[in-house]
Amino acid sequence: MSQNQPAVVEFQNVSLRLSDEHPIVANLTLEVHDSEILVLLGRSGSGKTTTLKLINRLLVPSDGRVMVQGRSTLEWDATALRRRIGYVIQEVGLFPHFTVAKNIGLVPTLEGWAEERKHERACELLELVGLEPRLFENRFPSELSGGQRQRVGVARALAADPPLLLLDEPFGALDPLTRLELQRELKQLQERLSKTMVFVTHDVREGLLLASRIALFQEGALAFLGTPNEFLHTDHPEARAFVAGLEEAGETP
Amino acid sequence: MSLIEYLARNRAEFLTLTFEHLILVGISTGIAILIGVPLGILLTRRPRISPPVLGLANIFQTIPSLALFGLLIPMPFIGGIGARTAIVALVLYALLPIIRNTYAGIQGVDPAVREAGRGMGMTDRQLLFMVEMPLSFGVILAGIRVAAVIGVGVATIAAAIGAGGLGVFIFRGVAMVDNTLILAGALPAALIALAADFALGRLERRFAPPTARLAEVRAL
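Protein chains in written order, with this note's numbering: chain F, 126 to 378; chain R, 1208 to 1427.
Just so you know, not all the hints are guaranteed correct.
To give a feel for the contact side, a few chain R residues facing chain F, derived at Cβ under 10 Å [unchecked claim]:
| # | residue |
| --- | --- |
| 1 | Val1320 |
| 2 | Val1384 |
| 3 | Asp1385 |
Partner residues aside, some chain R positions facing chain F, computed with beta carbon under 8 Å [what the hints assert, rightly or not]:
| # | residue |
| --- | --- |
| 4 | Ala1311 |
| 5 | Gly1315 |
| 6 | Ala1319 |
| 7 | Glu1322 |
| 8 | Arg1325 |
| 9 | Met1327 |
| 10 | Gly1328 |
| 11 | Thr1330 |
| 12 | Gln1333 |
| 13 | Leu1334 |
| 14 | Met1340 |
| 15 | Leu1342 |
| 16 | Gly1345 |
These are computed hints drawn from the structure, not numbers from a lab.
Ideal placement from N, C-alpha and C gives every residue a C-beta, glycine not left out.
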């Protein structure tokens, strides 16, 4: 990754502790480059989701600074910051009383777009994520399959064309085939739109498939940072453990 | 003398008392909604104060109604003989189900929905009015329904402190050991309670999540 690309997000010595005990994130220094998919990989409780939430200020650091587009998250107005960052979570969190189109149009609604423009945008995005707008725009979330719901979740995150997307195990609840399909499509989507993405997962396969770079977390600290290829060949014990898990599953990456 | 005969003969008084009864319940439930819903919302924002507030509302509910009416009479401003005191007591009874259901309804909104909303930049107010309130409206209405039905029953006791209502017939019947008279108050009161329960129940179903409604339509 070239050095003169500006960092979209920059963690400067960031720590987060809720009480005096062991910090959830410790001394994290990390840059997210423009147009990359940075995968935060780690076991449960390793601090990767916490790290993600520090970016859109759902959490604020106890020490250090998180810079988004050159400004500390604390200097940003929290809602303005979040509307410029797409956010996709595993449970999707679609509003059950909103139609698909209305769900996708949420941030545009908050930003006061005209109805016509919102509708156009919703249809455009439905097509982008592979759902026929005519069939889906008026459905309610309960009338969608898990994979469709997550597609709508991604479309919703893209609605106001944010430069940065945060994805927290978005495909974790899907069946393996749908999961693979959505992983591939997300990768293609990223190549087409060249959005910057920070993607949290505990699935090393998924990480290797999607990542420009992998940031491996262990007990709240950054254990390893590098390309998927570097990840496969590093001697770091936690990385080895993940790769060994892959090999045991009989997969040749 | 049969019940029908009695009511027909005393139609004017019967209608006045029924009207008084409806007014007592209507006003007190209305006030309880105006206090209880905002209070329930506040509790979801300040969860720490919810045990004392719900506890207090619970205590009001456990005071026997006749005793509560009696206790309120000597109170300055809110007390005295008449409808005002009765309404205060009825409000106190109606508060618990309304506060509790508002609180529980909003707490019951899927945390993922709330997190997604917050993560996409909704303010607390937007989250409340666009998401939490619409999604918990059915539960809040259920609380209002319970409050109204309790109110219809308790309001019969209000006659004991001169607030009027259908309880007048009941107390008169008790004093005269006249079952027809007791029924002349009790039966219409029961019918009002059933009607309120039915009407608010229909409303509740109308405001059920749209998904459930759609599913019904599809099933047809």
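Results of checking the hints against the structure:
1. Contact between Val1320/R and chain F, as hinted, is supported at the beta carbon level, the nearest pair being about 5 Å apart and thus within 10 Å.
2. A least Cβ separation of about 56 Å between Val1384/R and chain F goes past the 10 Å threshold, and the interface hint is therefore violated.
3. Residue-level restraint check for Asp1385/R is violated (minimum Cβ-Cβ distance to chain F is 53 Å; threshold 10 Å).
4. A least Cβ separation of about 18 Å between Ala1311/R and chain F goes past the 8 Å threshold, and the interface hint is therefore violated.
5. With its C-beta approaching chain F no nearer than about 12 Å, Gly1315/R sits outside the 8 Å limit, and its interface hint is violated.
6. The beta carbon of Ala1319/R is positioned within 8 Å of a beta carbon in chain F (closest approach about 3 Å), and the interface hint is therefore held.
7. With a least beta-carbon distance of about 6 Å to chain F, the hint placing Glu1322/R at the interface is held under the 8 Å criterion.
8. For Arg1325/R, the interface hint holds, since its Cβ comes within 8 Å of a Cβ in chain F; the closest pair sits about 7 Å apart.
9. Because the beta carbon of Met1327/R sits about 5 Å from the nearest beta carbon in chain F, less than 8 Å, this interface hint is met.
10. With 8 Å as the threshold, the beta carbon of Gly1328/R comes within range of chain F, its nearest partner Cβ sitting at about 3 Å, so the hint holds.
11. This hint holds: Thr1330/R has a C-beta 6 Å from the nearest C-beta of chain F, less than the 8 Å allowed.
12. Satisfaction of the interface hint for Gln1333/R is found here, the shortest Cβ-Cβ separation to chain F being roughly 7 Å, below the 8 Å cut-off.
13. Checking Leu1334/R against chain F by beta carbon gives a least distance of about 10 Å; that is not within 8 Å, so the hint is violated.
14. The beta carbon of Met1340/R is not positioned within 8 Å of any beta carbon in chain F (closest approach about 10 Å), and the interface hint is therefore violated.
15. Because the smallest distance between the Cβ of Leu1342/R and any Cβ of chain F comes to about 6 Å, under 8 Å, the interface hint for this residue holds.
16. With a cut of 8 Å, the hint placing Gly1345/R at the interface with chain F is violated, because the nearest CB-to-CB distance is about 11 Å.
Checked against the numbered hints above, the structure violates hints 2, 3, 4, 5, 13, 14 and 16; every other hint is satisfied.
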